[in-house]
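Please put together the full structure from these sequences, using the hints given.
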Amino acid sequence: MTVIEWIRFLTGSLFLLIGIVMFFTELFGVFHFKYVLNRMHAAAMGDTLAISACLLGLMIFSGFNFTTLKLFLIIVFLWFASPVSSHVLARLETATNENLNKYCEIYEDITDLERELAARNDTETGKAPEKTEEKEASAL
Amino acid sequence: MEIYHTLYIALLALFSFLLLICLIRAVKGPQVADRLMAVNMMGTMVMVMISVLALLLNEGYLVDICLIYAMISFLSVVVLSKVYIGIYEERMRKKNEEEDIPHDSH
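Top to bottom, those sequences are chains A and B.
For the first sequence, the working numbering begins at 1 and goes up steadily by one.
For the second sequence, the working numbering begins at 1 and goes up steadily by one.
Source of the hints: derived by calculation from the structure; they are not laboratory data.
Treat the hints with caution; some may be incorrect.
Dumping the calculated EDC-like pairs for lysine to aspartate or glutamate here, alpha-carbon to alpha-carbon at most 20 Å [what the hints assert, rightly or not]:
no.	chain 1	residue 1	chain 2	residue 2
1	B	K82	A	E98
2	A	K34	A	E105
3	B	K94	A	E98
4	A	K34	A	E98
5	B	K95	A	E98
As the structure is a computational prediction, the values presented were derived from the model and not from experiment.
What follows is the structure, encoded as structure tokens:
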């Protein structure tokens, strides 16, 4: 193999390696978090970033032809489809789970959350940052 | 070339291993959303495997199958979520009616 070929091979392998590391991160997150709405965050990352990196590496291997174009189309399609499927799954979870209060804070009215966040901002800018150890709030 | 061939085979083996871990999540998941999420993840990994296979066999049309697979995987997640929400609402409605009927007869 010539030098150019080696450079191509190494660049493609680098992208594939990034993709595989992202896939492992995704799997670690999916087993690490305790609730499905947290797990979804890790899982949605793999749908866009990891597969994009993997397919980018494969595009470099494949060269300049129609296969590359089709691989690019898959990436573009997943950019659109993955957030939608994550949203639908989150809606499934919030619609069917009866004791959602156990896992996260629920704000019935979004203005309550905005007021609380504004108050928190005021205290942080007014005084030195006190205890910032607060529960993760998730607005619905 | 030999080195590409080896790399593709190694990638296929690795992704089949990752797929197995996803399957564990799908079996373990306590909620329905967990299982659907795991199925979605498996779909993503199978897409990469099909693309690797297309380059390994040097057949461009396999990437078309990958595109179709992406669409069907997306559709299955959306449809299954909608169906499950519908089933849940129906069950709730039926439960409420059963509670209401003896209440009205008093």
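Provide an ascending list of the numbers of those earlier hints which the structure does not satisfy. As far as the earlier hints go, not one is violated by this structure.
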